[in-house]
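Engineer: Chain by chain, the residues:
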Amino acid sequence: MAIFGLWVINKAGGLVYERNFGDGLPRLTSNEYLVLAGTLHGIHAITSRLSPIGPSSGAQVIEGETFKMTILLTATGTKFVLLTSLAESTADVVLQKVYEVYADAVMKNPFHTPEMPIRSEGFDRRITALLG
Amino acid sequence: MATTSKQYKVIGEELWKGRAEKTNAELFALTYGALVVQLIQDYEDYEEVNKQLEKMGYNIGTRLIEDFLARSNIGRCVDFRETGEVVAKVGFKSFLNITPSVTHGGLPIAASPTRSSTASPAPTIPGATFTLTLDENPLAEFVELPEEALEGGLWFSNILCGVLRGALEMVRILTALCLSKFTYHSSDSNAGHGYVYLRCVARGRNDRDQSHPCQVSRGRSSRRR
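Protein chains in written order, with full-length UniProt numbering: chain A, 1 to 132; chain B, 1 to 225.
Bound-form chain A, shown alone (with noise of 0.2 Å):
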């Protein structure tokens, strides 16, 4: 039961905001956290249209032997990620959480504009205090 990282991409697959919890993770640079970003964006664009009858919601968990990646794809396109450890099995309702504070922390900031990096320190407190 461990958090790794969270993720938030924009609905053009850039990624906005990215943030890594404990030590599960190697730090990767920013451009390659992009990369990551924009190439899920891509595939869950891909699986967003596989399904054979009508529109699907498109990939919601994406698993590996060792870690667990669980997409959560909002009404208006920005999609939150959430890597967990496998054994997790509230990711679902932690990325609710996440969304809701987005909502309050970064989308309610008049000064930000939407589609761009979050860099807003209520936003991290309020994740840290959620995740952390």
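Think of the hints as simulated: they come from the structure by calculation, not from any bench.
Cβ atoms here follow ideal geometry from the backbone N, Cα and C, with glycine treated the same way.
Don't take each hint at face value.
What the hints assert, rightly or not - Here are the simulated DSS-like pairs of lysine-lysine, each with C-alpha atoms no more than 27 Å apart in a straight line:
(1) K55(B) x K108(A)
(2) K108(A) x K22(B)
(3) K9(B) x K11(A)
(4) K11(A) x K68(A)
(5) K9(B) x K22(B)
(6) K22(B) x K6(B)
(7) K17(B) x K6(B)
(8) K97(A) x K68(A)
(9) K97(A) x K108(A)
(10) K68(A) x K55(B)
(11) K55(B) x K22(B)
(12) K108(A) x K11(A)
(13) K9(B) x K97(A)
(14) K55(B) x K11(A)
(15) K17(B) x K11(A)
(16) K51(B) x K97(A)
(17) K51(B) x K108(A)
As the list claims (entries may be wrong) - Chain A stretches covered by chain B per the calculated footprint, using a threshold of three residues with CB under 8 Å from any CB of chain B:
(18) 70-76
(19) 92-101
We have chain A already, so just place chain B on it with the hints.
Structural biologist: Quick look at chain B alone, frame taken from chain A:
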């Protein structure tokens, strides 16, 4: 997954109750009143004031939608009719604690208010519009519009139109325009309380972003631009 309008009412109510921080209604109404009056003084043109209010509302709407989605947990609407229900029963209820009545209507092609109306064989598009009637308007609690403003065509609560347009656009529903009217019951004692009508016209969905399932069902309520 047909959620009835009654269920929406319940969701809206719960959201309103669950909201921990609430603003004093008077402070809210006074702030908004001051804002509008200042705009009138600055622009000296009611038309321009309407435009500015709509713009402000739009910016609010694009942000407010995230709060709405994060807390309400409502998925995509099947059609524009459902959108109307959700806006009235969940949206207005959870943010303003009012529930406007919704009237759904078709969109006659001839009288189409859309600027770029495309030719369509059907005379009307059913379920392509809805009208929200606010018989209680928290924005205008103390407002008595002067003759001049009425004649000048001020839409006092035009910010609501903007909010709706912004919020709906973020979930990829393009609405043509919302007309807001501030009418008075003339022979009524509480002349300060007017009705506000908001009319939303579906103009199709925003197809720029292809990676998401569509919102408005085809044919029934949407027209591609």
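Engineer: None of the hints should be skipped; say for each whether it holds.
Structural biologist: Evaluated hints:
1. K55(B) x K108(A): holds (16 Å)
2. K108(A) x K22(B): holds (15 Å)
3. K9(B) x K11(A): It is violated: about 31 Å lies between the C-alpha atoms, which goes past 27 Å.
4. K11(A) x K68(A): holds (22 Å)
5. K9(B) x K22(B): Holds, at roughly 19 Å.
6. K22(B) x K6(B): With a Cα-Cα distance of about 24 Å, the restraint between K22(B) and K6(B) holds, given a limit of 27 Å.
7. K17(B) x K6(B): The given pair, whose Cα atoms are some 17 Å apart, holds under the 27 Å limit.
8. K97(A) x K68(A): Cα-Cα ~18 Å, so holds.
9. K97(A) x K108(A): holds (16 Å)
10. K68(A) x K55(B): Measuring from Cα to Cα gives roughly 42 Å; hence the hint is violated.
11. K55(B) x K22(B): Distance of about 25 Å is within 27 Å: holds.
12. K108(A) x K11(A): holds (18 Å)
13. K9(B) x K97(A): holds (23 Å)
14. K55(B) x K11(A): Satisfied, since the Cα-Cα distance of roughly 22 Å is no more than 27 Å.
15. K17(B) x K11(A): Cα-Cα ~31 Å, so violated.
16. K51(B) x K97(A): Outside the cut-off at roughly 36 Å; violated.
17. K51(B) x K108(A): With Cα atoms ~22 Å apart, K51(B) and K108(A) stay inside 27 Å; holds.
18. 70-76: It holds, with 4 qualifying residues against the three required.
19. 92-101: holds (count 3)
Checked against the numbered hints given earlier, this structure breaks hints 3, 10, 15 and 16; the rest are met.
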